[in-house]
Amino acid sequence: MKTGDKIILIIVILSLLVGIIVKEIGISNTSTKFVVIMADGKVYEKIPLIPNLKPSTIMVKSNEGYLYVEIDNGKVHVLDSTCPDKLCIKQGWISNVGETIVCLPNRITISIVGGNESVDSVSY
Amino acid sequence: MSTQFHTNSHLKKIVYLSVLISIGVVLNLIEPPQLFLPGAKLGLANLSTVLAILLFNGFYGVLVALLRTVIVQIFRGQFIWISFGTSFFGGVSAALVMAVVYHLFKKKISIVGVSALGGIVNNIAQVLFVFAVTRNAVFLYYLFFLIPIGGVSGFIIGILSQAVYNRLNKV
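These protein sequence lines are chains A and B, in that order.
All residue numbers for the first sequence refer to the working numbering, where the first residue is 1 and numbers rise by one.
All residue numbers for the second sequence refer to the working numbering, where the first residue is 1 and numbers rise by one.
Watch out, some of these pointers could steer you wrong.
Residues from chain A shown here face chain B by an in silico Cβ test under 10 Å; the list is partial [claimed, not checked]: (1) 8; (2) 26; (3) 41; (4) 84; (5) 111.
Now the stretches of chain A that chain B is said to cover, found in silico as 3 or more residues with beta-carbon under 8 Å [stated by the list, open to error]: (6) 51 to 59; (7) 96 to 106.
Just so you know, these hints were derived from the structure itself, not from any lab.
Heads up, the beta-carbon is just placed ideally off N, CA and C, and yes, glycines get one too.
Using the sequences and the accompanying hints, generate a full structural model.
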């Protein structure tokens, strides 16, 4: 192992540590979860994620296409989408803070952020 | 640049490059789209970029990455500029950084290290591109996990390319 290799190894370990720390802080500061849906780079909708709520389906439209998001019992998934690769549907349910469903062809993201009233810099 | 090469070696170069590009295209097409994190791939196609840098020089590495991403997009049959942008920026910037680092610090870094760096740069470029498109800052936080993933996949690619390179040298 040469000097350059060691530097890269250190970068990898450091970023992993920072990531874990940031994640832990993000979760511990969370009292409520929100589903943030963004389309075309703008916030489309922000919905609090509360368990034991009736399932609901939202249609999200962007300039490129649209998709259906289903929220059920503290979980979110994409029901159907107009995108060609359908990766957003295949990803399935997400429920934890920091998890994100991306539909790149439609330029739509569905992420779960933690938050009190003040939104922190990590999640937003 | 081309004039200084003997015709035979020039021909050999063209053949090698075409083979490398086609290997890259095929690897890109047969690879599973996601492993355990959305969008996290092994990036097997980067093997062809690394090999081009090792066998020839950085310029050819960038060329292979460039042509490979364009051809893959043609093969996929549908042009989605965002998907193309992610793979294009990821592949080309990784090739650029690998080429520069390999030529400047050849004695201080191993092939595996160069490849790991390429994987990291690939992921950083892709995340930045996705962030530019979606404007969702969550992805910047993903960077901390995508850097190690890129490092690990680059490490695997590096070992593979080292093995291939050693065998090619015997030919």
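Hint-by-hint comparison with the structure:
no.	hint	result
1	8	holds, 5 Å
2	26	holds, 8 Å
3	41	holds, 4 Å
4	84	holds, 6 Å
5	111	holds, 5 Å
6	51 to 59	violated (count 0)
7	96 to 106	holds (count 6)
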